[in-house]
Amino acid sequence: MSAQAEPIRVKREGSPFTGLWAVVGKDMADHLTSARMRILDALILITALGTVYVATENLRQAADDRFLFLKLFTTGQGAVPAFVGFLGILVPLVAISLAFDAVNGEFNQRTLARVLSQPIYRDALLLGKFLAGLFTLALVMTAIFLLIMGLGILRLGIPPTGEEVARIILFLIATIFYGGVWLALALVFSTISRQPATAALASLSVWLFFLIFWGILTSLVAQSLRPVRIGMLEEVIRQAELAIGLARVSPNTLFVEITVGLLQPATRSFGMILPSQLSGALLGAPLPLGQSVQLIWPQLTALIAETILLFALAYVLFQRQEIRA
Amino acid sequence: MNDIGDRSTLAIETRGLTKRYDDTLAVDNLDLKVAQGEVFGLLGPNGSGKTTTILMMLGLTEPTDGQVRVLDFDPARQPLSVKSRVGYLPDQIGFYDDLTARQNLTYIAKLNGIRRSDYEQRITDALERVGLGDNADQPVKTFSRGMRQRLGVADLLIKRPAIMIMDEPTLGLDPEAARDFLNVIRGFKEEGITILLSSHLLYQVQAVCDRVGLFHRGRMMLEGSVRELAQHVLGGGYRVLVGARGPADALEQALAALPHALTVEHNQNGTYVVAADEDIRTQAARAVIQAGGELVSLSMEEPNLDDVYATYFREVEHERTS
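Taken in order, these protein sequences are the chains called U and F.
The letter at position 74 of the first sequence is residue 74 when you use our numbering, and the numbering goes up by one with no holes.
The letter at position 133 of the second sequence is residue 133 when you use our numbering, and the numbering goes up by one with no holes.
FYI, nobody ran anything at the bench for these hints, they're computed from the structure.
The beta-carbon is built from N, C-alpha and C at its ideal position, and this holds for glycine as well.
Some hints here could point you the wrong way.
[Said to hold, decoys possible] Take a look, some chain F residues computed to stay more than 12 Å from chain U by CB distance:
| hint | residue |
| --- | --- |
| 1 | Asp-98 |
| 2 | Arg-122 |
| 3 | Met-147 |
| 4 | Val-184 |
| 5 | Leu-222 |
| 6 | Ala-275 |
[Stated by the list, open to error] Example chain F residues on the side facing chain U (calculated, C-beta under 10 Å, incomplete):
| hint | residue |
| --- | --- |
| 7 | Thr-18 |
| 8 | Tyr-21 |
| 9 | Arg-85 |
| 10 | Tyr-96 |
| 11 | Gln-103 |
| 12 | Thr-106 |
| 13 | Ala-162 |
| 14 | Ile-165 |
| 15 | Gly-172 |
| 16 | Pro-175 |
Chain U on its own, in the form it takes in the complex (with noise of 0.2 Å):
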């Protein structure tokens, strides 16, 4: 060892991705073997037997729709909501189920020196143990819904069209990462929190804040940054426009937009719509595929984008942590 100072190397040796299919893998076969997520998976299950069956005794009187598939996972009746409801509510759940305590349950369990003590960087862990997550999420929910698919096919006797095939693949896809908002959300909580306890009641808090009082929250936020005082069309415009801004930042607005947006093909905005930009337009004709995936394409790069920033905050919070008690 020579006394100077070496070179500094920028690079680290090696990739950060070593080891990252060993934990994926581990990760994954412990979520799918769990009591908890076959309790997860269950309640699923019940609520897309259940709102199917209900979607399809009404989908049978209009026969007629062209998008009689897209009708399986939008129609509810009275009491009992549409498919895409609960999914807005399960998604999160399941979730942040997922990944409360992949980090402070390494520590808890007193394995995570261990592991890290093997050839692999903090990096692997992390991003093993997200992907495992999402990966559940994405097995699971394929399978429920090629299940409301095959359902859907049987109650209803005619096969789904190729778009409607192609926009319910797409709102999986949607599905999957509004999932991700939440399992990367539940990670930094995991990564804070030495108690898993304590981190699945802040990621259920967050996501219930955001269910229930952003909405309110931002309507209140622009009434009293952008007040209308005379009481001129600009004005109130300009306050809607922030109204919509702020409620976009819950990952449960850009959800539901794009759930109307691709189920719903005739869907041509989500803010507001002024006359001017009508001219033309046959009220109530769908859109074809490419226009609605533009139009919910901000939305769903959103998602991802929350996504992705949470999952750096937990890798920077992971990195600095110690390994002792």
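Using the hints provided, position chain F relative to the given structure of chain U.
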């Protein structure tokens, strides 16, 4: 005190290694050398910086200052090279309780990038070696403390390390399990594996370590073989107990005049305690006879690290408070 050869034979070397947490100094300017094939014991009370030192050697904690070389790699910059060659047994070892012993080890093998064709045999061999061959497919939650510790050793064996670092490996083991464990460590030593172990259980360290380092408040206060430490702290490595009848003054003088004898104490029960830096039983016996005494008993106490430890830290505390 240490006569270790050139750096090519060094397994672990630290220079001026320092770790500061906020305003506490966990490790203070540590210089440590461990030769290849050596068993080195880090000794010290809880909180004296042993675990922090170990974590820095593995690149799991960044040093505030100073350098570490492990097998001539820098753990902070080349952690993968270090961690693929160094096995670490943490002080409180944990496993995935719902998985079986074999599944736990399989995960470790995969993290090490060992191919399936290789690791299946390695895992079977490792479990056999630590005596868990019959429990390979039981979930770890059914394991006792001793079995977990042995599984931890099997875990180390998977990557076939050149160095094993064990943090308090015998903590919480019953005496029999601890003895078995020390035999396992001796076995590794015979295979030429370098072993660094930390402990506050002194007699165990004494039983297996070639050299020890005494830690106190983040500093290595003393370093050397157990005998050297005993000489330094107790004033003599050997305590020869001579039971003799005869003229007390003459006997005491005769014993004190022996080469290698350092001090002589005369106890009430007629025993002379000779502190010496070598085994001088024969000379002592001859001296007693020649001085006209009658030899009743003759025995020797091995240098005992417990005494070193107690005496040394009593002195340190005394200096600190006065």
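Checklist entry - Which hint numbers doesn't this structure obey? => result As far as the earlier hints go, 1, 7, 13, 15 and 16 are violated by this structure, in ascending order.
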